[in-house]
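The end of the sequence shown is residue 364 by numbering that gives the first Met the number 0, with every number in the run present.
Derived from the structure by calculation, the hints contain no laboratory data.
Among the clues, some could well be false.
What the hints assert, rightly or not - Listed below are the simulated DSS-like cross-link pairs for lysine-lysine, each with C-alpha atoms no more than 25 Å apart in a straight line:
| # | residue 1 | residue 2 |
| --- | --- | --- |
| 1 | Lys156 | Lys34 |
| 2 | Lys46 | Lys116 |
| 3 | Lys46 | Lys34 |
| 4 | Lys252 | Lys116 |
| 5 | Lys281 | Lys291 |
| 6 | Lys260 | Lys281 |
| 7 | Lys46 | Lys66 |
| 8 | Lys355 | Lys291 |
| 9 | Lys281 | Lys34 |
| 10 | Lys281 | Lys252 |
| 11 | Lys291 | Lys252 |
| 12 | Lys291 | Lys260 |
Claimed, not checked - What follows is a set of in silico ranges between Cβ atoms, one per label pair, in the way DEER data are often shown:
| # | residue 1 | residue 2 | range |
| --- | --- | --- | --- |
| 13 | Gly45 | Thr264 | 13 to 23 Å |
| 14 | Ala105 | Pro336 | 29 to 39 Å |
| 15 | Asp6 | Gly168 | 15 to 25 Å |
| 16 | Lys66 | Ser256 | 31 to 41 Å |
| 17 | Pro254 | Gly158 | 43 to 53 Å |
| 18 | Glu277 | Ser12 | 21 to 31 Å |
| 19 | Ala310 | Pro200 | 36 to 46 Å |
| 20 | Val76 | Ile250 | 18 to 28 Å |
| 21 | His26 | His303 | 31 to 41 Å |
| 22 | Pro259 | Gln149 | 23 to 33 Å |
| 23 | Glu28 | Glu242 | 45 to 55 Å |
| 24 | Val76 | Leu276 | 15 to 25 Å |
| 25 | Glu277 | Gly158 | 32 to 42 Å |
In this text, a Cβ means the ideal position worked out from N, Cα and C, and glycines have one as well.
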Amino acid sequence: MSHHIEDLLNAWSAAPQDDWVLAVVTHVEGSAYRKVGAMMLIHGMGKSVGLVSGGCLEADLRRRAQKVIQTGQAASVCYDATDEADASYQLGCGGLVHLMLLPLCAANHYLHFQALKAALASQGRCHYQLMLTDESLSPGSLGAKVWTSQQALDDAKAGWQLSDFPRPGILQGQSMQGETVRGQSLQDESVQGESASLVVPLREHHRIAIFGGGLDAQPVCQIAQQLGWRVDVVDRRTSYAREYDFVGANIIKLPVSELPKNFWTRLDGAIVMQHNLELDAKALAAIHQHAKQLSYLALLGPGHRRDRVLALAGLEVASFGAYFSAPAGLALGGELPSSIALSILSECHGVLHGAKRVALKEVMA
């Protein structure tokens, strides 16, 4: 799916001199498909990457983007689904959605998309600050900043904390100062001064490793890729982890003991499913030793098998800092590979997003 911020950045970087407009959700009242901070990138020829609704607003936004390109000025738009008499967009969510449409051009440094892309590539995470603009402002007055550390904010005397924005939100009455990403100054004198801005925490695509390249690992890989995650498949065995069975994945034909140090960097989840006690034990031992930032770990098989694998590895359930699921997954029912994959990845998704693993009706009106 091409809705992640990295997908937007990749589309732009393939043709940065073309006409592009960034649509951003800035305020939501009531129910809406996407929340504050959702982004969509619109090309001058009409194609788009990302989404800011369930599909009901995108066509109109593409039309409005043409005017932004023609005038070179930002625009704001509000879609009101609370008015039942207005069926213009046939919104079913019943909420109010405000968006900004911002041109990307040399005058506003392309909203620092190149610096944003570099920050995600090098750091994996950053905060993106966009000035909430008046439509009358020229393109050169549209401000954007990329923040990769609290130290950079403090050095710039920005007056706020990255920790204040675990989720997208509005920053009121603070100056937009610059920082340096990879030695490139992001200071933009044209946007200095106090104004409201939108601060959006961003991160790279989630990345998981599947230890085992058998038939039942294939739907795990496929569903994870549908979620937009990057997938490594690790299996040294000759007849496993064949490229045509795991299209789009990074295939690694090495023993776990020979995996390079950078393999373990910025790894979010690991699923161990080699159907071999010794190989699974070696995988768990390597994960315990190297994957210090891991959030989710799953081991396929029943509880008595888990205990045998842990004993071979010289480990216990409590040895891991990550959420350890063994038997792997949620109790969704089903016993075929696709059902098992859905069960595991549903649980993994919940852990990676800090969600309570309960029915949505229990937490959402």
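Hints versus structure:
The straight-line distance between the Cα atoms of Lys156 and Lys34 is roughly 29 Å, outside the 25 Å bound, and the hint therefore fails. Proposed proximity of Lys46 and Lys116 is supported: the alpha carbons are some 21 Å apart, at most 25 Å. Between the alpha carbons of Lys46 and Lys34 the distance comes to roughly 22 Å, so the proposed pair stays at or under 25 Å and holds. Restraint check for Lys252 and Lys116: the C-alpha separation of about 30 Å exceeds 25 Å, so the hint is violated.
Between the alpha carbons of Lys281 and Lys291 the distance comes to roughly 16 Å, so the proposed pair stays at or under 25 Å and holds. For a cut-off of 25 Å, the pair hint linking Lys260 to Lys281 stands: about 16 Å separates their Cα positions. Proximity of Lys46 to Lys66 is assessed by CA-CA distance (about 15 Å); at most 25 Å being required, the pair is judged to hold. Restraint check for Lys355 and Lys291: the C-alpha separation of about 23 Å stays at or below 25 Å, so the hint holds.
Straight-line distance between C-alpha atoms of Lys281 and Lys34 comes to about 42 Å, which puts the hinted pair past the 25 Å bound. In summary, the hint linking Lys281 to Lys252 is supported, as the alpha carbons are separated by about 15 Å, within the 25 Å threshold. This hinted pair checks out: Lys291 and Lys252 have alpha carbons roughly 23 Å apart, not beyond 25 Å. Taking the CA atoms of Lys291 and Lys260, the gap is about 12 Å. The hint holds against a cut of 25 Å.
In this structure the supplied range 13 to 23 Å is violated for Gly45 paired with Thr264, their Cβ-Cβ distance being about 39 Å. Between Ala105 and Pro336 the Cβ separation comes to about 51 Å, which falls outside the hinted range of 29 to 39 Å. Under the hint 15 to 25 Å, the C-beta atoms of Asp6 and Gly168, about 23 Å apart, fit the expected range. Between Lys66 and Ser256, the C-beta spacing of about 59 Å breaks the proposed range 31 to 41 Å.
Between Pro254 and Gly158 the beta carbon distance is about 51 Å. The supplied range of 43 to 53 Å therefore holds. Separation of Glu277 from Ser12 is about 45 Å and departs from the stated range, judged on CB atoms against 21 to 31 Å. Distance hint check for Ala310 and Pro200: the Cβ-Cβ separation is about 41 Å, which falls inside the suggested range of 36 to 46 Å. Checked against the hint of 18 to 28 Å, the C-beta distance between Val76 and Ile250 comes to roughly 45 Å, which is inconsistent with it.
Distance hint for His26 and His303: a CB-CB separation of about 53 Å, inconsistent with the stated range 31 to 41 Å. Distance hint check for Pro259 and Gln149: the Cβ-Cβ separation is about 30 Å, which falls inside the suggested range of 23 to 33 Å. As the Cβ distance of Glu28 to Glu242 is approximately 49 Å, the hint placing it in 45 to 55 Å holds. Restraint check, Val76 to Leu276: a C-beta distance of roughly 59 Å breaks the suggested window 15 to 25 Å.
Take Glu277 and Gly158: their Cβ atoms lie about 56 Å apart, and the range 32 to 42 Å is violated.
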